[in-house]
Amino acid sequence: MNVEAVINNPLKLYRFEIIILDVNDNAPSFLSTIQLLNITESTTAGTKFLLNPAEDADVGKNTVSSYKLSQNDFFVLANNRGESVTPELVLQKALDREKQSVIPLTLTAIDGGTPAKSGSMTILINVLDINDNAPLFSQSLYKARVFENAKIGTVIIKINATDLDAGQNGEVFYSLNKIGRGKQTDLLVIDEKSGTVTTKQIIDFEENAVFEIRVQARDGASSPMTSHAKLLIEVLDVNDNAPEITVTSLLNTVKEDASTGTAVALVSVSDKDSGKNGLVNCKISNIVPFKLELNYKNYYSLVVDGPLDREKEAQYNISITATDEGSPPLSSTRIIQVHVSDVNDNKPHFTENIINVFIKENGPIGAVIKTVTAVDADVDQNGQVSYSLLHDNSNSLPTKININSETGDIISLQSFNYEELKS
Numbered sequence: 038m039n040v041e042a043v044i045n046n047p048l049k050l051y052r053f054e055i056i057i058l059d060v061n062d063n064a065p066s067f068l069s070t071i072q073l074l075n076i077t078e079s080t081t082a083g084t085k086f087l088l089n090p091a092e093d094a095d096v097g098k099n100t101v102s103s104y105k106l107s108q109n110d111f112f113v114l115a116n117n118r119g120e121s122v123t124p125e126l127v128l129q130k131a132l133d134r135e136k137q138s139v140i141p142l143t144l145t146a147i148d149g150g151t152p153a154k155s156g157s158m159t160i161l162i163n164v165l166d167i168n169d170n171a172p173l174f175s176q177s178l179y180k181a182r183v184f185e186n187a188k189i190g191t192v193i194i195k196i197n198a199t200d201l202d203a204g205q206n207g208e209v210f211y212s213l214n215k216i217g218r219g220k221q222t223d224l225l226v227i228d229e230k231s232g233t234v235t236t237k238q239i240i241d242f243e244e245n246a247v248f249e250i251r252v253q254a255r256d257g258a259s260s261p262m263t264s265h266a267k268l269l270i271e272v273l274d275v276n277d278n279a280p281e282i283t284v285t286s287l288l289n290t291v292k293e294d295a296s297t298g299t300a301v302a303l304v305s306v307s308d309k310d311s312g313k314n315g316l317v318n319c320k321i322s323n324i325v326p327f328k329l330e331l332n333y334k335n336y337y338s339l340v341v342d343g344p345l346d347r348e349k350e351a352q353y354n355i356s357i358t359a360t361d362e363g364s365p366p367l368s369s370t371r372i373i374q375v376h377v378s379d380v381n382d383n384k385p386h387f388t389e390n391i392i393n394v395f396i397k398e399n400g401p402i403g404a405v406i407k408t409v410t411a412v413d414a415d416v417d418q419n420g421q422v423s424y425s426l427l428h429d430n431s432n433s434l435p436t437k438i439n440i441n442s443e444t445g446d447i448i449s450l451q452s453f454n455y456e457e458l459k460s
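Residues are numbered in the numbering used here as their position in the sequence shown, beginning at 1, plus a constant of 37.
It should be emphasised that the hints constitute simulated quantities derived from the structure, not laboratory data. Treat the hints with care, since some could be wrong.
Computed list of lysine-lysine pairs in DSSO-like fashion (alpha-carbon distance at most 30 Å, straight line) [what the hints assert, rightly or not]:
(1) 230 - 188
(2) 237 - 267
(3) 195 - 180
(4) 320 - 180
(5) 195 - 230
(6) 437 - 384
(7) 328 - 349
(8) 180 - 237
(9) 349 - 320
(10) 384 - 407
(11) 334 - 320
(12) 349 - 384
(13) 267 - 220
(14) 309 - 188
(15) 188 - 154
(16) 267 - 180
(17) 313 - 237
Simulated restraints, written as ranges between beta carbons of each label pair [said to hold, decoys possible]:
(18) 391 - 343: 33 to 39 Å
(19) 330 - 239: 35 to 41 Å
(20) 386 - 284: 38 to 44 Å
(21) 163 - 263: 44 to 50 Å
Owing to the predicted nature of the structure, the values given are computational and were not obtained by experimental measurement. By construction, the Cβ of each residue, glycine as well, lies at the ideal position given by its N, Cα and C atoms.
Build out the structure end to end from the sequences listed, making use of the hints.
Structural data, given as structure tokens:
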């Protein structure tokens, strides 16, 4: 600073130059207390980032002379000796947003005064995401159970997968993939966003007792990453199948003199259900001279269990009922027709206990003087009656009358004389 002074006696002009010496009475300061930097996690090590410099109202050595960065694992300050003192941040280690998405740093500006003064600014590093993580399932294998015939839309299980990335890169979308040539994916549907698996069709235990489906999770990136897990579905049986009765006939007919225990037919029962729902009891539900004998598991023999008499009952309709042990139980019925064949166990008998024949004397030879009738309860050849005459003691009867063996007509072989035969 220049100053002029005038003295009157004697008149004289003096000029003064006043030099104001600086003292370090100002600390360095930043225009903003916080600086934000957005850096992608794929940024390579060695990349530099300019920082806002600090200002100091002092001059000379009392102004900003150096910067110091807080201790951290990722950044250092560039060494700009002899160059601009504008600070630069240098990335020295690869970033990973999934491990640390925000990195707080403190930049301190130090002046050259004695004693030195300093000022600080906070640097917030926002680590920007790239799609470097695939979705991760909470389990590699999910297990669920569902009753067969469950209504369409029944919730079976909720699948969960997460993605460490952010934004669209971290959004997870679900889908089902079939394994092999199976059509099990047609039975289920998964909500793309929630991962909830529900029934799409009616599931039948008898067709799919257990089946496996692959679940896929993909993220929302333009070039998505995917991962997979397995879903094992166990279908629980309900009693929706009635027993089935199969009959193998061993005998088309059974003789009426068949002994007790004679096998008539082989009967087998089955049930497509499982557990108690598939256990079957079999019985004859009407009163007949037959019974079922258990051979092995669900195989039975239908055998004679009492005397048969074709003349009283020529055919039996045997009602076989099979009932499972479900709750409530289901049953089915099968009718077996058994025909009883005839044996010659009946004698012919005449329709008249006493046969009286009245003959006119002097009647014509060859006249039918009487027709006798006999019947036999048996059938076919066993029931065909043939007639003949028994000889009397004099052995003269065959010369007088004859009988038609088929019709029972008694025919005269001579003309009868009352006076000769009355005694």
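Straight-line alpha-carbon gap residue 349 to residue 320, limit 30 Å: Status holds; Cα separation ~24 Å.
Proposed proximity, residue 220 with residue 267 (alpha carbon, max 30 Å): holds, 16 Å
Whether the CB-CB distance between residue 330 and residue 239 falls inside 35 to 41 Å: holds, 40 Å
Holds or violated: residue 349 to residue 384, with C-alpha atoms at most 30 Å apart: holds, 16 Å
Restraint status (C-alpha distance of residue 237 to residue 267 at most 30 Å): holds, 18 Å
Restraint check for residue 195 with residue 180, where alpha carbons must lie at most 30 Å apart: holds, 11 Å
Pairwise hint evaluation, residue 237 against residue 180, where the allowed Cα distance is 30 Å at most: holds, 18 Å
Verdict for residue 391, residue 343 (Cβ pair) under range 33 to 39 Å: holds, 38 Å
Residue 320 paired with residue 180 [C-alpha distance capped at 30 Å]: violated, 41 Å
Satisfaction of hint between residue 154 and residue 188, Cα-Cα up to 30 Å: Violated, at roughly 77 Å.
CB-CB spacing for residue 284 and residue 386 relative to the 38 to 44 Å hint: holds, 39 Å
44 to 50 Å as the expected CB spacing between residue 263 and residue 163, which holds or is violated: About 28 Å separates the Cβ atoms of residue 163 and residue 263, which means 44 to 50 Å is violated.
Of the numbered hints listed earlier, those contradicted by the structure are 4, 15 and 21.
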